[in-house]
Structure formats: structure tokens, C-alpha cells
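Asker: To get this note's numbering, take the position in the sequence shown, counting from 1, and add 1000.
No wet-lab data here; the hints were simulated from the structure.
Please note that a few of the clues may not be correct.
[What the hints assert, rightly or not] The following label-pair restraints were derived from C-beta to C-beta distances: (1) L1231 to F1122: 39 to 47 Å; (2) E1172 to E1005: 39 to 47 Å; (3) D1011 to E1117: 21 to 29 Å; (4) R1157 to A1008: 17 to 25 Å.
Yeah, the Cβ is synthetic: ideal placement off N, Cα and C, and Gly gets one too.
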Amino acid sequence: MRSVELDALIDEVGVVAASAQRHVAGVLFTYRCTIACRHCCFGCRTELPDTVMTPEQLAEVLAMLHETGRVVHVAGGEAMMYWENLSEGIRLAHAEGNAPYFIETNCSFATDDRITESRLSFLADHGMRGVLASADPYHQEMVPPERFLRVREATRRIFGEQNFYGNRAAAEEILALPEITADEARLREHVRAHPPVMVGTSRRDLSQYLDRFAPDDPDLPMAGWRRQLDLPGCLEQFRADGIWEIHVDPYGNIQTNCGIILGTTDTIRPAQLLAGAVEHVNPFVECLCVDGPLGLALLARDEYGFQLPPTVTQGCDLCFLARQHLRQSHPEIFGPAEVYA
């Protein structure tokens, strides 16, 4: 069941502020997406296998994730691609008191006011509290900015301003976002000013714009997600109080944001995993937490024949290359295939 105390917090401060306080737990409903953003860390795109949660699976996973005490949401890929599965799963979860707090969308579904209003109203009527809508140069290279603006306006009206999770720039700035990726010089400037995490699609499509370093260079940028704690290696990405997001995908894999499987829902519940020592869940995670990406790369070299690249752009870039190699021996840990394709 959803936490009464967390419901009250969201009543008071909204989903955005509550997420900052409690961190988030997400359903990765599908890896498929209506678009293929250049900065995507998971390699999401339309051409991926047609794998999506059933409504019953969605309801079951939502119940598990609420046990974590985090702000639970549904994401992808693009969850709206499978509206029938999604809406039925939300209906089932709501009937059990387990509706998610918000949904994440690239807004490609919002082709007109009618469908936008209809879907967001359904979600609100079934216990959802807000919407995270994506808007940036990469999304707007493929999704018309008007669709984001339509979702933003409808979210503010239906859920309230404090429950809109996303870009608050003026409409004219949103409408101008496609100009950045259309201009090579501006794209380079944007990537260098706001470097994405160099894994998945972003590593393939955007690493050319960043400076390169030797893997053991002390000036190699670490990147990572929401690094806020002064901890060694990648410990913040795996220690329960530092993990920004934990999610469950259609295969039942439990992960943070990095493509390292920490467990599966058929053997352990996410709350149980967080209550234990996540940083010791397997030797590879232990290595990352102590010695960071270089440590993992050296382990992969010494024990699995990995060849260190001469240069990389980030610690995450080096880690991803090492994990791609390690996946050949340990697909049960470094997966699923979609993330490493």
C-alpha cells in the first residue's frame, strides 16, 4: 500500500520536492521508445523487442516498489506506447491502493488536446499525482516542442504546478530547442556544457564532443547520477542512502541507473535489497564501490581479458566498456541485452 505519510508529504510539497527528499523508485515499463534520443543511457528506441509488462505485472511491481518508501513512478522507454497495458495496470494498482505517484513521458503521444486531456485525466482519476515531461535539445530533435507544451499545460491544470516535473522555461525557449541539435557548433557547445552520462546511446553518439583522457588520468571526469555525497569510487550509486533511483524492468531485473542487475523480483523484493548491503551484492559492485570504474576495468583486464582503451571521456564511459566485455561472461549481472546493444 502507498504510504499515508508520503501521501501527506506530496499533498504538502508536491511530487518534485518529495522526490528530492525521498528519492525515487521506478517501473521501467518497457525499453522500447517512440524515439531514439542521442543522450539516452539505456539505448531505448522503437526497434527494440516488443517487450512490455503485463497489467498484472505492473500492479505487482508497483506494490513492491511502494514498500521502499520512495516516490514511485512509471517510466520507460516510453510507457505511453502501450496505453492499453498501462491504463489497465494503473487501474489494477489503484484498486489495491498502489497507484504510482507520477509518470514519465517524452510527450510524443500528445498529438492533440483531446488525447492529452483524456490520458492525464484518467491517470489523475486513478490515483496518480503528477507528470514528468521531458524537454531538452535531444528530445525535441524528435518530438515537436508543441507536444511538450501541451502536456505541461494540461499537467499544471489537472495536477497542479507543484506536481509538474520538468522544464519550466518560457514557451519560446522550448520552441527553439530543436535549433540546438540542428547546428553542429551549438550541439557541441551544449554537450560540453552539460555532459550526459556516457553510456548507451549517449556514449555512441555524443562522446565525440568531449575531451578524452587516459583511463588512469586523475582528471578523468567521473559523471554518474546525482553525485551529492563525498564517497569513494561509485559507492554513492549503490549505497541505499545514496541511490537516486532503483527500478524494476519487464524482465524483473532490479537495477539502479547503470545496467548492473542487483537482483530479480522472483528472488528478492526491492525493499529487502535496499535494507541489506547493496554495495556488497556481488564482487563487481564491490569493486566499483571501492575502486571506481578504473578498478572494474582493471579487474576485467586481469581476470577476463579486457583491453583498456587508450582514452575515454568519463569514468562512466570506461565502466560501460568494461561492462560490455564482462557481459560476455556474466549476462545475469550485466544486462539486459537492450542496455548493451
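Asker: Hint says 21 to 29 Å; check whether the CB-CB distance for D1011 and E1117 agrees.
Answerer: Since the Cβ atoms of D1011 and E1117 sit about 23 Å apart, the hinted range of 21 to 29 Å holds.
Asker: Is 17 to 25 Å respected by the C-beta to C-beta distance linking R1157 and A1008?
Answerer: Cβ of R1157 to Cβ of A1008: about 23 Å, so the range 17 to 25 Å holds.
Asker: Lying within 39 to 47 Å: is that true of the beta-carbon distance E1172 to E1005?
Answerer: Holds, at about 41 Å.
Asker: Between L1231 and F1122, does the beta-carbon spacing fit 39 to 47 Å?
Answerer: Given range 39 to 47 Å: holds, Cβ gap about 42 Å.
Checked against the numbered hints given earlier, this structure breaks none of them.
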